[in-house]
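Residue numbers (our numbering), protein chains in the order written: chain A, 1 to 230; chain B, 1 to 256.
Derived by calculation from the structure, the hints in this document are not laboratory data.
What you are looking at is a predicted structure, and each value in this text was computed from that prediction instead of being measured.
Please note: incorrect hints may appear among the correct ones.
Stated by the list, open to error - Sample of chain B residues facing chain A (criterion: CB under 8 Å; computed from the structure):
#, residue
1, Thr20
2, Ser52
3, Leu57
4, Val108
5, Asp179
6, Val183
7, Leu188
Here a beta-carbon is modelled for each residue, glycine too, at the ideal position from N, C-alpha and C.
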Amino acid sequence: MSTPLQEAIAEVVAAVAPLTIAVAVLSIIFLGFSWTNLIQLLIGAFFTTVGLFLFLRGTRIALLPMGEMIGAYLPRHGSMALLVATSFIFTFSVTIADPSVHVLVSQVASFPDAGINSDFLAIFISAGMGLLVTVAILRIVLNVPIKYIFLGAYSTAIILSFFTKPELVPFFFDSGSVSTGPMAVPCIISLGLGTASVLQRKQSLADGFGLVGLATLGPILVLMIWGVFI
Amino acid sequence: MGEIIVFQGFPAVMAEVGMTLIPLAILFFIFQTFFLKLPRTFMRKVVVGMISTFIGLSIFLQGVNIAFLPIGKMLGAKIGGLSNPIYALPVGFILGLLVVLAEPSARVLSGEVEKASAGSIRESVLLRTMASGVAVLVGLGYYFIARGIALTWIIIPGYIIALILLKWVDPAFAAIAFDSGAVATGPLTVTFLMSLGLGIAAEKLGGPTMNAGFGLVCLIALASTLAVEGMSFIFKRNSKKEDGRKCACQKNTTSS
Numbered sequence: 001m002s003t004p005l006q007e008a009i010a011e012v013v014a015a016v017a018p019l020t021i022a023v024a025v026l027s028i029i030f031l032g033f034s035w036t037n038l039i040q041l042l043i044g045a046f047f048t049t050v051g052l053f054l055f056l057r058g059t060r061i062a063l064l065p066m067g068e069m070i071g072a073y074l075p076r077h078g079s080m081a082l083l084v085a086t087s088f089i090f091t092f093s094v095t096i097a098d099p100s101v102h103v104l105v106s107q108v109a110s111f112p113d114a115g116i117n118s119d120f121l122a123i124f125i126s127a128g129m130g131l132l133v134t135v136a137i138l139r140i141v142l143n144v145p146i147k148y149i150f151l152g153a154y155s156t157a158i159i160l161s162f163f164t165k166p167e168l169v170p171f172f173f174d175s176g177s178v179s180t181g182p183m184a185v186p187c188i189i190s191l192g193l194g195t196a197s198v199l200q201r202k203q204s205l206a207d208g209f210g211l212v213g214l215a216t217l218g219p220i221l222v223l224m225i226w227g228v229f230i
Numbered sequence: 001m002g003e004i005i006v007f008q009g010f011p012a013v014m015a016e017v018g019m020t021l022i023p024l025a026i027l028f029f030i031f032q033t034f035f036l037k038l039p040r041t042f043m044r045k046v047v048v049g050m051i052s053t054f055i056g057l058s059i060f061l062q063g064v065n066i067a068f069l070p071i072g073k074m075l076g077a078k079i080g081g082l083s084n085p086i087y088a089l090p091v092g093f094i095l096g097l098l099v100v101l102a103e104p105s106a107r108v109l110s111g112e113v114e115k116a117s118a119g120s121i122r123e124s125v126l127l128r129t130m131a132s133g134v135a136v137l138v139g140l141g142y143y144f145i146a147r148g149i150a151l152t153w154i155i156i157p158g159y160i161i162a163l164i165l166l167k168w169v170d171p172a173f174a175a176i177a178f179d180s181g182a183v184a185t186g187p188l189t190v191t192f193l194m195s196l197g198l199g200i201a202a203e204k205l206g207g208p209t210m211n212a213g214f215g216l217v218c219l220i221a222l223a224s225t226l227a228v229e230g231m232s233f234i235f236k237r238n239s240k241k242e243d244g245r246k247c248a249c250q251k252n253t254t255s256s
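Whole structure, please, built from the sequences with the hints as guidance.
See the structure below:
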C-alpha cells in the first residue's frame, strides 16, 4: 500500500542513501573518524535528498507535460522550420538548467588556469545538446536509420579527438555524459516520444530510443571543435 | 574541514539556478501565448512545478557543494597520496557497482530492454552485466588516474570497439545501448566520482590540472553501452534458436 508520494520519497532516498553510506565508510577508512565530517555529510545528504525530491516533483508536474505537448504539437501544426527551432531552444533551455551541468561547471571553475570560461562552457554544452537533439528529431521525421547517425557522430568525435587539445579530451567526453542529467533526459525523451507518436510509424520502439544517446554527442562535438581553436 | 557549513554560499547558488531557469520560463510563455493556449488550471500547475524545480535544484546543489564535493576531493587527495596506486582499484570498483545498482534510471532502462527483447533478456541479468562492466572500468579508471595516465587511452579504443560492434547489433538495441550510457549516470554519482578523481589527479600531479582527473563519467557510459551491445548478441542467438523451433509449427498457420 504505497501512495505515489511515498514512492517518490522512496525513490529519492534509494538514490542518495547508498552513496552517502559508501562515502561515510570510505572517509572513515581513509580519513579517520571525525564527527565534523560525518555531520557535514549528513547535512549534505539531507539537503540533496530534499532538493532532489522537490526538483523531480517540479519536473514531473511542469516540464514533462510541457515537453510532450510541444513535441506532439510541432509535427502536426508547425512547419519544418518551427520544428527545428523549437527542438533546439527547448533542449537548450532544459540542459542549461540541469543540475549535472551545474556541478560540472562548478568543477571546471576550480581550474582557472585551464583557459575555460565556465559561463561559456554551460552555453556551449547546452547549444551542443540542442543541435544533436534537433538532428535526432529530424531523423525521426525523415526516417533515417539511427545506426548511420551514431556511426557518423561518434566517428567525427573520435577523429576530432586527435586534433583538439589532447589534455582536454577526457573532459570533453565527460561533459557529454554529464549533460544528460535528471532534467534533460526526461524532457528530451518526452519531446521525442511526442514527435514519434504523431508520426505513428511501425518501428516506434526504435524511434523513441536513441535520442539521449545522440544528445550526449552534442556537447562533445561542440567542445572539441572549440578545443581545436583554443 | 574545520567547521560545519550549512547555508554558506546559498544565495549565490539560488541566483545561479534562477538564471538558468529563465530560458525555460520564456519558452513556455511564448508557446502558451501563441500556440498551445492551454487552460488556466494547467498553467497554474506549470507555475507551481517551476517554483518547486527552482527550490529543489537550489537545495540539492547546496547539499552537493557543502558535503559531497569537498569530501570527495579530500578522499581523492588521500588516495592519490598513497604510495601504491593499486588502492584506487577497489575503491573505483565498489563505487562503480554502487553507481549502477543505486541509480533508478539504470533499473528503468533494464526494464525497457526486457520489454524490447520480449522477455528474452531479463532485467536482473542486464543490470548485473552493466554493474560488473561499470565496476571494472571505473576501477581501472581510478587506477589510471592514480598512475597519472589520461583516460583517453581507455575512452577512444572503447568507443571504436562500440562502433565496430554496431555492425552486428540489432537496430533497436543499438539505440538502447547508446542511451544506456547516457542514462546510467545520475547527478549525485557524477558529482562524487568526479570530485574523487580530480582529488587523486591533483595530489598526483602536484596541483590542480585538467589533465588526468576527468573521463570517469564517460567510462560509465562506455561500459553500459558495451554491456547492452553484448547482451544483444545473446538475444540474437536465443531468438535464432526459437525461430528454428517455431518454423516447424508455423508452416500450418502461415495463412492466418
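Hint check: is the beta carbon of Asp179(B) less than 8 Å from a beta carbon of chain A?
Since the shortest Cβ distance to chain A is 4 Å, the answer is holds.
Cut-off 8 Å, beta-carbon criterion: hint that Ser52(B) touches chain A:
holds (3 Å)
Can the hint on Val183(B) be confirmed by a CB-to-CB distance to chain A that is less than 8 Å?
With a minimum Cβ separation of about 6 Å from chain A (threshold 8 Å), the hint on Val183(B) holds.
So, Leu57(B) near chain A? Judge it on the closest CB pair being under 8 Å.
Holds. Min distance 5 Å.
Any CB of chain A closer than 8 Å to the CB of Leu188(B)?
holds (6 Å)
Under 8 Å, Cβ to Cβ, is where Val108(B) needs to be relative to chain A, so tell me if that hint holds or is violated.
violated (10 Å)
Report holds or violated for the interface hint on Thr20(B), using the least CB-CB distance to chain A and a cut-off of 8 Å.
Check passed: Cβ of Thr20(B) comes within 4 Å of chain A, closer than 8 Å.
This entry does not satisfy hint 4, going by the numbered hints stated previously; all others are met.
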